[in-house]
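J.: Residue numbers (the UniProt record's numbering), protein chains in the order written: chain A, 1 to 220; chain B, 1 to 219.
It is worth saying that the hints were derived from the structure and are not from the lab.
Where hints are given, some of them may not hold.
What the hints assert, rightly or not - With a straight-line Cα cutoff of 30 angstroms, these simulated DSS-like cross-link-like pairs (lysine-lysine) come out:
hint, chain 1, residue 1, chain 2, residue 2
1, A, K79, B, K207
2, B, K180, B, K77
3, B, K41, A, K48
4, A, K41, B, K185
5, A, K156, A, K140
6, B, K77, A, K140
7, A, K41, B, K152
8, B, K4, B, K208
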Amino acid sequence: MELKLYGAALSPCTSRVMTCLHEKEADFELVPVDLFAGEHKQLPFLAKNPFGQIPVLEDGDLSLFESRAISAYVAEKFKQTGDDLIRHQSFKEAAEVKVWMEVESQHYHPAISPIIFQFFASPLQGKAPDQAIIDDNTEKLGKVLDVYEDKLSRTKYLAGDFYSLADLFHLSFTYYFMKTPCAHLINDRPHVKAWWEDISSRPAFQKVASAMNFGEKGNL
Amino acid sequence: MTIKLYGITMSTCTAKVLACLHEHGAEFELVPVNLQNGEHKQPAFLAKNPFGQIPALEDGHLTLFESRAISAYVAEKFKGSGCDLLRSQNPKEAAVVKTWMEVESQQFSPAISPIFYQSIIVPILYGGTPNQTIIDESSVKLGKVLDVYEKKLNSSKYLAGDFYSLADLHHLTYIYYLMKTPYGKLINERPRVKAWWEDISSRPAFKKVAAGLTLGDKN
Numbered sequence: 001m002e003l004k005l006y007g008a009a010l011s012p013c014t015s016r017v018m019t020c021l022h023e024k025e026a027d028f029e030l031v032p033v034d035l036f037a038g039e040h041k042q043l044p045f046l047a048k049n050p051f052g053q054i055p056v057l058e059d060g061d062l063s064l065f066e067s068r069a070i071s072a073y074v075a076e077k078f079k080q081t082g083d084d085l086i087r088h089q090s091f092k093e094a095a096e097v098k099v100w101m102e103v104e105s106q107h108y109h110p111a112i113s114p115i116i117f118q119f120f121a122s123p124l125q126g127k128a129p130d131q132a133i134i135d136d137n138t139e140k141l142g143k144v145l146d147v148y149e150d151k152l153s154r155t156k157y158l159a160g161d162f163y164s165l166a167d168l169f170h171l172s173f174t175y176y177f178m179k180t181p182c183a184h185l186i187n188d189r190p191h192v193k194a195w196w197e198d199i200s201s202r203p204a205f206q207k208v209a210s211a212m213n214f215g216e217k218g219n220l
Numbered sequence: 001m002t003i004k005l006y007g008i009t010m011s012t013c014t015a016k017v018l019a020c021l022h023e024h025g026a027e028f029e030l031v032p033v034n035l036q037n038g039e040h041k042q043p044a045f046l047a048k049n050p051f052g053q054i055p056a057l058e059d060g061h062l063t064l065f066e067s068r069a070i071s072a073y074v075a076e077k078f079k080g081s082g083c084d085l086l087r088s089q090n091p092k093e094a095a096v097v098k099t100w101m102e103v104e105s106q107q108f109s110p111a112i113s114p115i116f117y118q119s120i121i122v123p124i125l126y127g128g129t130p131n132q133t134i135i136d137e138s139s140v141k142l143g144k145v146l147d148v149y150e151k152k153l154n155s156s157k158y159l160a161g162d163f164y165s166l167a168d169l170h171h172l173t174y175i176y177y178l179m180k181t182p183y184g185k186l187i188n189e190r191p192r193v194k195a196w197w198e199d200i201s202s203r204p205a206f207k208k209v210a211a212g213l214t215l216g217d218k219n
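All chains, full assembly: derive it from the sequences and hints.
T.: The structure is reproduced here in structure tokens:
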């Protein structure tokens, strides 16, 4: 039975999972969820994710939500295919990957996500981006990226000299971030910039990036 | 070589790892970090965690930070009969545990941590006045998350199923402190959440840790 991913191609969280599925060459069906009609806040979707958010993955009778948990499940299930994103054969490397996955979750995401929201979601609500929120979070993100710049001067990727789920988790939100006036936070840091160019050029992500066109003319 | 955990007993994040170590009966040494002197922001500690936060864990040549990554490492390393907090023997259960660990991380923690910060950290560590607007807004968010928990705990004894897991453990330390504030009512008003809290907080491994969660106690 094929995997079913409920979500939207332009959503960064759905894209996170799709990138992982492509890395693992896993067959899946993307089942669109109509966000503008509020489908994710109603039954039957709420029975799949009681928090009313995309994406959701169904694998037979297993139903999962939270994009990072879904991606980790996919990386585990298909660990023999493609690159080993979770480094399952090395206890030490696997632990480092877990650390930098949590760094994305606890440090990177809380700073970058409000910036994305202000530039992409606020206009939908008829509001101008709130510069105070943007400034506050670019300062926080800058400090996080300073740590990344130092780390990436010593290892090619975040958890070591190997691409892992920790790097992948950064792709979709950073992709949208690079379309904002704040992209210089990445570009001003040479090791971070090189890392970004490397990970965003991976074929698995390129397949997904082309559909990430939220906010572009004619798309809403 | 013994595992070394750098942190302090009253810290929510250090205590999260302590609870996990105790659940597994793992031997370790707790190495205090002097937060008041800013030890966590100085080079020796920054070499362990470049984000300058406790806890950090050293296991031989491996140095880890981020409490949730550390506890997952401990659960993996020390899994054995009777203690499988990640349900590693069952891929389906393991996946559901991961889901509810992410729920704690992405839904629960961002809602509860401002309440903890305003009602405990601000007055006790900084002698400041809690920002009631932040507390009220966060209480509304936390209430909505706990409504989902109330419904989930109607169909399973614990969050990921009828088994205690790391997903439940990760909630312990923030809720423990919440219950010392008036906002503990958010837990008490929901019968299944309350029963779940009473169950998980009565586990011997957590009782050892709770004794150290002394922020705000009169002394």
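J.: Under the criterion that the straight-line Cα-Cα distance not exceed 30 angstroms, is the pair K79 (chain A), K207 (chain B) satisfied?
T.: Roughly 38 angstroms between the alpha carbons, so the hint for K79 (chain A) and K207 (chain B) is violated.
J.: Holds or violated: K41 (chain A) and K152 (chain B), Cα atoms, limit 30 angstroms.
T.: 17 angstroms, holds
J.: Does the alpha-carbon distance linking K77 (chain B) and K140 (chain A) stay inside the 30 angstroms limit?
T.: At roughly 34 angstroms apart (the allowed maximum being 30 angstroms), K140 (chain A) and K77 (chain B) break the hint.
J.: Has the given pair, K41 (chain B) with K48 (chain A), been kept, meaning a C-alpha gap of at most 30 angstroms?
T.: 43 angstroms, violated
J.: Straight-line Cα separation of K4 (chain B) and K208 (chain B) no greater than 30 angstroms?
T.: The given pair, whose Cα atoms are some 18 angstroms apart, holds under the 30 angstroms limit.
J.: For K41 (chain A) and K185 (chain B), compute the direct alpha-carbon distance and say whether it is at most 30 angstroms.
T.: 27 angstroms, holds
J.: What's the verdict on K156 (chain A) and K140 (chain A), does the C-alpha distance respect the 30 angstroms limit or exceed it?
T.: It holds: about 23 angstroms lies between the C-alpha atoms, which stays within 30 angstroms.
J.: Quickly compare the C-alpha distance for K180 (chain B) and K77 (chain B) to 30 angstroms and report which way the hint goes.
T.: 33 angstroms, violated
Taken one by one, the earlier hints fail for this structure at numbers 1, 2, 3 and 6, listed in ascending order.
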